[in-house]
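> Keeping their order, the protein sequence lines are chains A and B.
When we follow this note's numbering, the leftmost residue of the first sequence carries the number 1, and every step to the right adds one.
When we follow this note's numbering, the leftmost residue of the second sequence carries the number 1, and every step to the right adds one.
Keep in mind that the hints are not guaranteed to be accurate.
For each label pair, taking beta carbons as the anchor points, the in silico distance ranges come out as [stated by the list, open to error]:
1) A:LYS30 / B:THR126: 53 to 59 Å
2) A:ASP58 / B:GLU117: 28 to 34 Å
3) B:ARG28 / A:SER108: 34 to 40 Å
4) B:VAL10 / A:LYS127: 40 to 46 Å
5) B:LYS74 / A:LEU69: 32 to 38 Å
6) A:ARG94 / B:GLN42: 44 to 50 Å
If you're looking for bench data, these hints aren't it; they were derived computationally from the structure.
Just so you know, even glycine gets a beta-carbon here, dropped at the ideal spot from N, CA and C.
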Amino acid sequence: MASPAALRELQRDLETKANDLSRIQKDIAKNHQVRKKYTIQLGENELVLKELDLLNEDANVYKLIGPVLVKQDLAEANANVRKRIEYMSAELKRLDTTLQDLEEKQNSKRDSILKLQQRIQSLQAGKSKA
Amino acid sequence: MEEAAKKGRVTPLASLFPVEEAQKAVRRVHETLSEKEAELDQFRGFISDNTNLINLVQKLPEGLHHNIMVPFGKAAFFPGRLIHTNEFLVLLGEGYHVERTSKQTVEILKRRGKALESQFESLKATMQDLKAEASFFGITASEAAEGLVEIREDYVEENFTERESQSGPPKEHPPSFSEADKVKVAVEDEEYSRMMSRLDELEKAELEAEYGNERHEDIENVAVSDEEYARMMSRLDELEKEELEAEFVNGRDEDNAKLSVNDEEYAHMIARLDEIEKKPETERGNERDEDEKIKADFDRSSDQTSLGKINRFSELEYQSRKLLERTKDKKSATEETLSKRDTQKDLTGQLNCTGLTVQSRPKEMSHGKGLVQSIMKSTSLEKALVLPEVKENVQAASSSRSEVSRNSGPTNPGIAQALGKEFPTSAPRAPLQDSKPGFDSRKAFTGSIIERAHNIHTSSSQQAATSSQSTGSQPSKPVSRFKMQRR
């Protein structure tokens, strides 16, 4: 009969869709993590910028690069921190859009899975009746 | 059961909130709660570290150099010297260090400490919310397990005392009164109606003060036409009188002393208020004059507005709050929610409401009025948010009165109506100038009232709502008349 084959196919479809869904969910979780990291770093940079602004012109600023503490110019440090802040906010925005896309995909996948399941159920009900 | 007669709907609570789910929710909330607790502890550790560091940094420059044991590797020390005791390399974050002196370092550390504390506070706030959630879930779970039944009935306007329903166990959820409560409700409703009439009459006086003579005829016509009001008002006066005496006997002398500390005018006014209360209600005209005199007095006193006054106001407010707390549970519970709001408001609101509080103080003896007054306080505070000035506050208050009564006609929360009636007592006393009704305050005010009446998740509000609903029919008359006056 065609129906058991069709049924098996549908079930296979369901499996693949379920895998896709779990993959999407993992992506969303990763996205969340990266976003969190970026948000924390952004906060820290803003704090640093605030403190740097409070410094006098002649204060010595050092940057820790690996095991080396390197003297830096105040203006240079300011510029660097500001650029980092900009970069991170751009990253965050990008991540946000990706997250939205992922969520949409997740929802659509869920819907299709539901539909599949309904079809399978109706088929099985039909078969049991017959 | 009455449900059949009143066309009610009986829903077992378990169907609305399945027991297992409620319990699961409780567990979940508890877990989050413990997580937050751990974070809170971490924060406390940070804050204490910060303070220790500040102390150390302040101590170091006290000497040119210090002899210390310098750590060397993981398990060794050697004796050494700490020199350049005023130079600190401070880590700002992201690998940036900056050279600072001891004082500057302390400043940086202090700023960090402040940021930490604000985070700590916000975390605490979240925890409070979580705790509230947990308690709610716990209550729901236990009640669902007990098989508590939620009964909803259509509101029947005919007689407020008839409106009641039975339920099994604890009556925390919507309309569940027992027989005893019914009687209590009836008694309180009478007092409400009494209050209503009193408020109505004072409101007219205030109206007249505001709008001048044109209103006179309206007020007169409306006022004279209802005997029932006369009766209710005389009953109200009796009640207030006896409560007044009881209160004073019970040692409110301290409060009175404070009162007189303020100005003699206050005692003056309050005496006048008492007079008014004791007079027969038909002499509305006289009372209006009295109110006006009192208003004049108050204007004078308000001219001297000073911080000292504000302090005394707050004392009085506190006393009035204490008084309110003595009232019956539902009233006090509502008051609680109100005082929560109170705490969020600023001084102008406080001044406004305390101004209102002072006048109503002699009246707050009646617990029913206490409820009203507390509500009035909160609404006046809300007005403070809408219109910052004190004067405008009162104006808004007076206008919100009209709006409240107007709105409460259709929406029916008895609280609102009681409130509408209570305001007139205060208005003549408050530092009123020629006021223009602030109609934009209406939305905020009704919003709050509606929220109350529809909030089924707090027992207090439920009970208050139900009790107010039961009194709704009675005050509808004063409301309508009030509407007429406003038009």
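> Confirm or reject each hint.
Okay, the hints, checked on the actual structure:
The supplied range of 53 to 59 Å is broken by LYS30 of chain A and THR126 of chain B, whose beta-carbon atoms lie about 26 Å from each other. ASP58 of chain A and GLU117 of chain B have their C-beta atoms about 32 Å apart, which keeps the hinted 28 to 34 Å range intact. Checked against the hint of 34 to 40 Å, the C-beta distance between ARG28 of chain B and SER108 of chain A comes to roughly 29 Å, which is inconsistent with it. In this structure the supplied range 40 to 46 Å holds for VAL10 of chain B paired with LYS127 of chain A, their Cβ-Cβ distance being about 43 Å.
For the hinted restraint 32 to 38 Å between LYS74 of chain B and LEU69 of chain A, the CB-CB distance of approximately 22 Å leaves it violated. Range check, ARG94 of chain A to GLN42 of chain B: about 31 Å between beta-carbon atoms, so the 44 to 50 Å window is missed.
Checked against the numbered hints above, the structure violates hints 1, 3, 5 and 6; every other hint is satisfied.
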